[in-house]
Amino acid sequence: MMTSTQQLSLVKAMVLTGAIFYIPSNVVPVMTMTLNGNTSPLTVMGGVQEMVHSGLWPVGLIIFLASIVVPFLKLIIMSWMLWLHGKPIYCEERCRLYRIMIKIGNWAMIDIFLLSIIAAVGQLGMLASIHAEPGALFFSAVLLCNIFAYELYRPQWIWESPSPSA
Amino acid sequence: MTACLIFLLMANVRPLMVFDVSGNTQSNLMITGVESLFSQGYWPLALLVFFSAIGLPILYFAAFWYLLAGCCLRLSWPGLKIALILVETLLPWNLMPVFAVGTLAAVVKLEQLGNIHWKSGSLWVGLLAIVSLIVMRFFDRSFFEKIITNLNIS
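Going down the list, the protein sequences come from chains A and B.
Just so you know, the first sequence maps onto residues 1 to 166 in the working numbering.
Just so you know, the second sequence maps onto residues 1001 to 1154 in the working numbering.
Looking at chain A on its own, in the form it has when it is part of the complex (with noise of 0.2 Å):
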């Protein structure tokens, strides 16, 4: 059983790996696409950019909330919690952010999902083909990361103040 200040100071190994995983996972193609001979690598922007140019903007836009604003905020919430850890401010808004992250951190999924399903499906040899690449890779490391610093992560913590030793 881990002391409250191990699992602490987990949950900041787990958003600092996060967040240096966060940049690669948008930098680096996560699925390279093959229609008639024509190849092309896209990132995660890339893909919500096709989306929205072919006119699947609100496809796009759920894409966009889920996998490149939603792993920011929960690193930047999570970041902002650690920070004021110990301190008797701002705890409801602590509180209630923590909650609202906890429901739609999750969502963050979606990427993985359609990445998995759409790899599955485009294995038609020459006329199309779709492969993962190790952009997706880091970018489930970051969500992975995110997933568990929020479960590692004691609500009652805000409302505590800091022990003598800490």
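Incorrect hints may appear among the rest.
[What the hints assert, rightly or not] Simulated pairs of lysine to aspartate or glutamate, DMTMM-like, Cα-Cα distance not exceeding 25 Å: (1) A:103 - B:1145; (2) A:103 - B:1020; (3) B:1081 - B:1145; (4) B:1081 - A:133.
[To be verified] Simulated coverage check for chain B against chain A, where a stretch passes if three residues somewhere in it have a Cβ under 8 Å from a Cβ of chain A: (5) 1015-1022; (6) 1029-1036; (7) 1039-1045; (8) 1089-1098; (9) 1101-1113.
Don't read these hints as lab results, they were simulated from the structure.
Ideal placement from N, C-alpha and C gives every residue a C-beta, glycine not left out.
Using the hints provided, position chain B relative to the given structure of chain A.
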């Protein structure tokens, strides 16, 4: 909850869609995505998709079914408390609504490349997503705790 387990079974055994490019067709199940990622060498991704879309929802709904059956029939089955802990722990991992929206987004994207024909698996995924959202909304830990405590006393 029995309906959820049936929907989950059907969603896993029926194809989600058929993709058609110049007469070449391919249908896929939920597990096909996992197999495809695994064969491309992305096994961590394959494992993540397997656990979040198939493994953990099965465990979550099975534990919930066991808990509900025990509590509704007032039977002090062994491990009811463990089932309650499991249901509570796995609650954020029930990603069926996210998977359903992911399927919709995938169809929209694939329509740019070829023709998509919906299959019954998508319907089961949609139904499961709606029912699981309702189940998650009305889950009340204290209600089940009270019944389990009463069953243990009597």
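Right, here's what the structure says about each hint:
Distance hint between residue 103 of chain A and residue 1145 of chain B is fulfilled; the C-alpha atoms sit about 23 Å from each other, no more than 25 Å. In summary, the hint linking residue 103 of chain A to residue 1020 of chain B is not supported, as the alpha carbons are separated by about 37 Å, beyond the 25 Å threshold. Distance restraint check for residue 1081 of chain B and residue 1145 of chain B: the Cα-Cα separation of roughly 8 Å lies within the 25 Å cut-off, and the hinted pair is therefore satisfied. The straight-line distance between the Cα atoms of residue 1081 of chain B and residue 133 of chain A is roughly 42 Å, outside the 25 Å bound, and the hint therefore fails.
For the segment 1015-1022 of chain B, the stated coverage by chain A is satisfied: 5 residues place a CB nearer than 8 Å to a CB of that chain, which reaches the threshold of 3. Restraint check on the segment 1029-1036 of chain B versus chain A: 5 residues with Cβ-Cβ distances below 8 Å, three needed, restraint holds. Coverage of the segment 1039-1045 of chain B by chain A holds [criterion: at least 3 residues with CB-CB distance below 8 Å; count 4]. Here the segment 1089-1098 of chain B counts 4 residues with a CB under 8 Å from a CB of chain A, which clears the bar of 3, and the coverage holds.
With 11 residues having a Cβ less than 8 Å from any Cβ of chain A, the segment 1101-1113 of chain B passes the three-residue criterion, so the hint holds.
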